[in-house]
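Respectively, the protein sequence lines represent chains A and B.
Okay, so the first sequence: first residue is 1 according to the UniProt record's numbering, each after it adds one.
Okay, so the second sequence: first residue is 1 according to the UniProt record's numbering, each after it adds one.
By construction, these hints were calculated from the structure, which means they are not laboratory data.
From the three backbone atoms N, C-alpha and C, an ideal C-beta is built for every residue, glycine too.
One should not assume that every hint holds.
[Unchecked claim] No farther apart than 20 Å at their CA atoms in a straight line, the calculated lysine-lysine pairs in the PhoX-like style are these:
hint	chain 1	residue 1	chain 2	residue 2
1	B	318	A	628
2	A	609	B	318
3	B	588	A	609
4	A	609	B	628
[Stated by the list, open to error] Coverage of chain B stretches by chain A, computed from C-beta distances (three or more under 8 Å per stretch; other residues unrestricted):
hint	segment
5	271-285
6	551-562
Residue-level listing of the chains:
2 protein chains.
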Amino acid sequence: MLKAFFNPRGVAVVGASTKPGKVGHDIVANLKNYGYNGGVYPINPKAKEILGLPVFKNIDQLPDEVDLAVVAVAPAMVVTSIYELAQKNIMACVVVSSGFKEVGGEGTQLEKDLAKACQETGVRIIGPNCVGIMDSFQGLNASFAAGMPNKGHIGFFSQSGAMCLAILDWSLDNAIGFSKFISLGNKVDLTETEILHLLAEDEDTRVIMGYLEAVEDGKKFMKAAAEVTRKKPVVLLKSGVTSAGAKAASSHTGALAGADAAYEAAFSQCGVLRVHTVRQLFNLAQALARQPLLAGPAMAIVTNSGGPGIIAADSVEKLGMHMAGLRPETVDELRSFLPSIASVYNPVDITGGAAAELYGRSLSITAEDPNVDGLMVILSPTATVDPREVARLICEEKTNKPIFSVLMGRHSVEESRIYCMEQGMPAYDFPEDAVQAMAGMMQYRKWLNTKPKPPDLVEGKKEVVQGIINEMRAVKRREMSETEARECFKAYGINVAQSIPAATSDEAAAAAEKLGCPVVMKIDSPAISHKSDVGGVKVGLKTPDEVARAFLEMTSRVSRLKPNAWVRGVLVQEMVQGGRETIAGVTKDPQFGHLIMFGLGGIYVEVMKDVSFKVAPITREDADQMVKSINAFPLLRGVRGEPPADMAALSDAILSLASLVTDFPEVSEADINPLLVLPRGQGAMAVDARLSLSRPNGEE
Amino acid sequence: MLKAFFNPRGVAVVGASTKPGKVGHDIVANLKNYGYNGGVYPINPKAKEILGLPVFKNIDQLPDEVDLAVVAVAPAMVVTSIYELAQKNIMACVVVSSGFKEVGGEGTQLEKDLAKACQETGVRIIGPNCVGIMDSFQGLNASFAAGMPNKGHIGFFSQSGAMCLAILDWSLDNAIGFSKFISLGNKVDLTETEILHLLAEDEDTRVIMGYLEAVEDGKKFMKAAAEVTRKKPVVLLKSGVTSAGAKAASSHTGALAGADAAYEAAFSQCGVLRVHTVRQLFNLAQALARQPLLAGPAMAIVTNSGGPGIIAADSVEKLGMHMAGLRPETVDELRSFLPSIASVYNPVDITGGAAAELYGRSLSITAEDPNVDGLMVILSPTATVDPREVARLICEEKTNKPIFSVLMGRHSVEESRIYCMEQGMPAYDFPEDAVQAMAGMMQYRKWLNTKPKPPDLVEGKKEVVQGIINEMRAVKRREMSETEARECFKAYGINVAQSIPAATSDEAAAAAEKLGCPVVMKIDSPAISHKSDVGGVKVGLKTPDEVARAFLEMTSRVSRLKPNAWVRGVLVQEMVQGGRETIAGVTKDPQFGHLIMFGLGGIYVEVMKDVSFKVAPITREDADQMVKSINAFPLLRGVRGEPPADMAALSDAILSLASLVTDFPEVSEADINPLLVLPRGQGAMAVDARLSLSRPNGEE
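Sequences are here, hints too, so could you generate the full structure?
Okay, here's the thing in structure tokens:
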């Protein structure tokens with residue numbers, strides 16, 4: 001597929017035009033103008049010649065050595081073209097025509113027809129509604145963009161055509177190069193997932209960079225990304241984060257933007273480096289494409305001015321790295337030749353009066369220090385130093401550690417900055433940009449340091465859960481009763497507080513006797529999911545008598561407030577003492593499926609929003625990380641002499657929950673709230689349980 | 001002073017040089033080359049002529065019409081020059097010579113001598129160790145910088161000379177203009193405070209922009225900034241934030257960088273807009289200099305491409321503004337002429353095929369919508385639209401609402417971007433830059449909407465506090481006993497839990513009888529500030545007998561663990577039930593003085609670091625804001641049916657604390673922990689109190 005799209009023997013342009021300025025004309029011109037050495041075959045029923053090339057009347061007349069077609073006809077004619085291309089065994093196709101899903105109405109139907117044509121013929125399609133594709137190494141420009149990217153090792157794809165054009169335009173004057181440039185458009189067939197695989201195979205691509213508004217199939221994407229990121233870094237800008245962004249996203253491409261928590265979790269679980277601005281996308285991608293990977297977080301700065309050195313050091317610490325402590329040998333060596341007023345500690349400030357040559361020596365010596373993992377060189381323009389000379393020395397430096405150069409200013413340094421970029425040295429305007437790229441690189445290093453591992457799945461008693469689900473489906477019920485939910489969690493090894501259902505006050509008193517007071521009483525009704533809102537929970541009932549009275553009071557109150565709710569009775573439950581409330585839950589994200597949540601119970605979740613997420617299924621390490629990554633984690637580890645909580649038991653419960661929903665995709669929501677965690681060695685216990693199912697397929 | 005420095009009748013260059021490349025030569029050249037129409041008087045004992053100007057042998061020979069001197073002689077000769085200048089009544093001086101405080105050792109002494117010369121002569125000095133000063137409107141370039149800023153309305157000052165040079169260099173190719181450009185250097189005399197006043201007076205300056213590593217005198221600075229920011233926005237980049245940055249800062253200029261919390265609080269209390277990167281500094285300053293102020297947070301976006309529109313909408317929400325809901329009339333009018341596939345809601349997407357003219361119309365119509373406070377225009381390069389045409393239409397738009405233009409890309413839009421900048425329209429590369437500038441502008445609008453107000457001071461019984469302090473000073477004690485600290489807080493109107501000191505077990509039992517059980521017992525020793533660490537706190541003692549036993553146990557335990565601590569006995573204290581633990585405290589920042597802290601008690605402070613700060617003295621509104629701005633505030637407002645806390649009582653206590661330390665500057669630290677807040681109307685109560693004093697002046 002890579003070959004058909006990017007190294008085709010010949011390219012047909014369906015809907016080629018004789019008129020300059022028309023898309024169908026610009027594509028032919030682009031194919032001719034950038035050194036592509038295969039044949040270019042314009043198709044137009046009326047024209048004889050376009051830009052000196054003979055024109056074909058229709059697809060059928062094309063010669064055999066055509067592997068790729070660019071389709072730029074009116075939207076209503078695109079589907080027919082696909083069938084005709086398939087007839088000629090042209091199986092790769094870029095549809096630039098617009099007027100599909102993005103315009104709604106009839107366009108939506110046209111897009112469905114196009115999808116069907118894909119499936120029936122096996123023709124692979126990029127687009128529709130895209131700008132096209134480019135390969136700088138093949139000189140192939142199968143797009144209507146104005147220009148061709150510089151050669152380079154960033155493989156780029158974008159859901160938005162405008163972002164393609166803007167990024168191309170930006171790159172041309174910044175000496176940023178691309179291997180492949182792919183405009184995804186509406187993604188009727190090839191999505192980001194296939195493109196990831198395609199760029200992963202591509203030898204010219206070292207870094208994959210992309211702009212997305214939504215992922216089409218979250219699970220497939222995660223699987224692909226988890227593989228690809230082991231070979232090459234993947235840097236993505238995903239927009240549509242906030243509600244306003246998401247609103248704009250859905251009016252733009254009709255894509256349903258998933259909740260941001262799911263994207264955040266999914267990207268981190270499959271090693272995707274997420275950035276949040278276009279500038280960050282460039283900053284990080286160019287560093288990854290041009291420099292060796294950081295081995296660790298210890299940075300050294302060589303600068304000719306204090307202020308920018310301070311700003312850089314600030315950013316280094318803020319973004320989770322640290323300033324390297326230089327070895328005494330390094331310090332001594334620097335002191336031996338730098339001016340007396342220079343600072344020979346990190347940041348190494350060679351001072352504004354220092355000549356270019358001192359930059360080179362300081363950089364080499366600092367780079368050799370084993371305490372240093374990565375280097376930043378900052379140049380502020382001064383009268384005494386020639387930035388071109390400094391740029392040359394930086395680019396000549398031989399080290400296997402990454403160097404990030406910052407040439408402050410513009411007027412007198414732009415030439416040198418572009419020189420650096422051309423020489424393969426990432427060069428930035430301001431220190432913060434460089435540090436942010438370092439931080440992204442560090443994140444990738446950490447990802448590579450983790451071992452790929454299949455998810456850990458707890459073996460549950462599937463038949464128990466299946467039985468309950470079957471019963472529910474039979475009566476078209478989607479909300480489990482608490483008893484049922486407890487059974488399901490128990491079937492996956494989660495400790496649940498003991499409880500006994502009771503239908504009468506006598507039964508309730510007997511249950512309390514059996515469990516031992518104090519007990520908790522809860523209303524038992526599948527129709528009532530928020531029990532405390534209707535006075536359906538009583539804690540600390542001290543005697544069987546009190547329990548009996550509470551039964552009458554609770555049931556009569558609930559029947560008054562919820563006259564139509566079917567009430568089975570109550571659950572009488574042992575009252576677990578001590579321990580700390582946590583919450584574990586599941587929601588279903590439209591793109592990525594089950595999203596597991598963990599947090600400290602009560603106000604930590606409700607007020608502080610202090611929760612962590614992962615997409616199921618997960619590994620044990622993922623579960624541990626969910627527990628550790630909440631802000632309130634020190635509370636679980638124990639503060640002020642309190643014993644540490646049983647964190648392993650929390651991970652167990654989270655894993656069980658993830659396994660349960662992985663086995664039963666029909667689960668749409670689940671909550672264990674509270675999941676009471678006891679001191680280390682004493683486990684965790686589900687005190688309240690909820691679980692609901694998705695609508696069965698086809699049911700509204 | 002403004003006139004002497006920036007509109008002098010003549011300028012002397014002390015230490016002028018005949019050799020190009022020397023600082024003393026470049027200054028003379030800069031004074032000659034940029035249109036300054038006063039006299040330039042080089043001084044050099046040996047030379048006859050420099051750049052065609054006659055040279056004076058010494059300061060004494062200068063004519064009378066010299067108001068400003070630029071001093072570039074060897075550091076050891078600078079002080080003498082100041083006395084000579086004073087003799088000639090030249091009272092404004094820029095010292096560019098380096099070799100002072102920044103090099104340590106002898107330089108530190110030279111700087112002290114220079115400070116003395118200032119005081120003795122009344123000569124005002126900018127520097128030493130600075131690049132110089134420039135005034136683009138006067139054509140005055142009294143610096144050794146390579147170049148002169150474009151004319152514009154940003155007044156800039158910088159503590160770092162390198163930042164001056166880099167920012168000047170950057171501005172030259174970006175059509176960013178400056179009114180005044182001031183390199184502060186070591187700030188031996190004029191500091192950021194005087195410069196703020198000076199730029200506030202300056203008619204050519206609309207926005208003040210600065211780079212600082214530390215503020216010299218926090219109180220003076222805050223007073224000046226609070227005044228100045230009412231007239232003009234002040235945008236500051238303050239580095240040295242993290243520990244690494246602070247370390248680099250102190251090795252750079254010897255300035256002691258204050259804790260960042262103090263800067264953050266101080267800047268926000270006096271309306272300074274703080275930015276965190278150099279790019280943000282530019283982004284915001286150019287918007288404030290060139291556009292009318294935002295009236296509110298409702299933004300509209302006009303774009304020719306969906307992707308960038310989504311990114312922009314995301315950023316708008318993320319930074320605390322929102323996307324305006326357009327009126328139906330606006331929507332209808334847009335629909336009447338835009339292509340059918342355009343989005344007529346906000347973001348208004350006029351589509352990639354739209355001609356420039358549609359930009360202009362859409363922008364005008366959207367700007368007229370009363371629901372819109374500010375506008376962003378985004379242009380992505382496409383084949384159909386001429387960016388120059390769009391730039392012209394944007395610049396011609398007549399509206400009193402701010403417009404931020406984003407010209408995505410570079411190659412095909414740079415010319416248009418620069419055109420916008422030249423026309424006074426802020427123009428950015430990427431949407432996020434523009435939104436960040438909007439957010440800064442919004443913050444300034446909010447500041448202007450607050451009314452300036454003197455601090456609220458609680459009238460305390462000063463004599464009580466003074467008495468205790470006198471006793472402590474007499475015995476050279478710096479840590480108050482809890483009883484003393486309680487007395488001080490009580491003297492300023494803070495409720496303290498009742499307590500009775502007891503020196504024997506019988507006294508303790510009697511105290512418990514009097515207060516009513518249960519009670520709390522705490523060890524009473526000025527030598528022990530963390531009582532619970534030594535078992536010095538017992539809560540919930542239920543009977544006088546239990547109290548007596550606890551006394552013996554506690555005192556013997558403490559004397560075992562802290563054999564040398566003087567123990568007065570214990571405090572028996574009423575046990576306040578209910579309520580929520582908060583903490584209020586004071587620390588002393590070296591730059592800004594007393595810093596008041598508020599947070600929720602216990603783990604919220606220790607684990608979540610969820611606290612707010614203000615510099616004392618404060619207003620009641622400040623106190624309210626401290627309470628409201630912690631993340632856990634919803635807990636105080638009441639969640640899950642709990643009653644709201646007595647927030648007014650918390651503000652009262654915070655105000656009292658701030659008043660106490662304002663009256664007694666010798667207080668170095670204070671803690672009310674916990675400050676128990678009861679439900680609304682029931683007040684707040686200090687349960688534990690600590691207070692300590694600074695070392696008296698002169699004592700080590």
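Hint by hint, where does the structure go against what was stated? Just the numbers, ascending. Violated: hints 1, 3, 6.
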